[in-house]
Amino acid sequence: MGLSQARDSGHHRDEIRRLKVAAFSHLDYPDARQAIQVVWWRIGLSTGRLTIERVYLITSLSVFDATCTELATWIRGH
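According to my numbering, the stretch in the sequence shown is residues 1 to 78, in order.
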């Protein structure tokens, strides 16, 4: 299992992103190789409001094709 975490400030908010990746040899999804959980914590700097967003993804890329850090970069850029 891989883990990546990053913290940023911008757009009037603080943001923490955590990405967990688990590799599988078999899921009930054709060609699935890794399952990914991304969690964002966002705090509005002017309001103090906390928002939490959780997203689950599946990729056909193996751990040899895409590391946890590479997946985090690609997801952030998307």
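Treat the hints as calculated values from the structure; they're not laboratory data. These figures come from a predicted structure and were not determined experimentally. Treat the hints with care, since some could be wrong.
[To be verified] Pairs of lysine to any residue residues, derived as SDA-like cross-links and limited to a Cα-Cα distance of at most 20 Å, are as follows:
#1 Lys20 with Val63
#2 Lys20 with Arg7
#3 Lys20 with Ser46
#4 Lys20 with Gly48
#5 Lys20 with Phe64
#6 Lys20 with Ala6
#7 Lys20 with Leu45
#8 Lys20 with Thr47
#9 Lys20 with Asp65
#10 Lys20 with Ala32
#11 Lys20 with Leu57
#12 Lys20 with Gln37
#13 Lys20 with Thr69
#14 Lys20 with Gly44
#15 Lys20 with Arg49
#16 Lys20 with Arg33
#17 Lys20 with Glu70
#18 Lys20 with Ala35
#19 Lys20 with Gly77
#20 Lys20 with Gly10
#21 Lys20 with Asp8
Here is how each hint holds up against the structure:
no.	hint	in the structure
1	Lys20 with Val63	13 Å, holds
2	Lys20 with Arg7	15 Å, holds
3	Lys20 with Ser46	30 Å, violated
4	Lys20 with Gly48	26 Å, violated
5	Lys20 with Phe64	16 Å, holds
6	Lys20 with Ala6	12 Å, holds
7	Lys20 with Leu45	26 Å, violated
8	Lys20 with Thr47	29 Å, violated
9	Lys20 with Asp65	16 Å, holds
10	Lys20 with Ala32	16 Å, holds
11	Lys20 with Leu57	10 Å, holds
12	Lys20 with Gln37	5 Å, holds
13	Lys20 with Thr69	10 Å, holds
14	Lys20 with Gly44	24 Å, violated
15	Lys20 with Arg49	25 Å, violated
16	Lys20 with Arg33	14 Å, holds
17	Lys20 with Glu70	12 Å, holds
18	Lys20 with Ala35	8 Å, holds
19	Lys20 with Gly77	17 Å, holds
20	Lys20 with Gly10	23 Å, violated
21	Lys20 with Asp8	18 Å, holds
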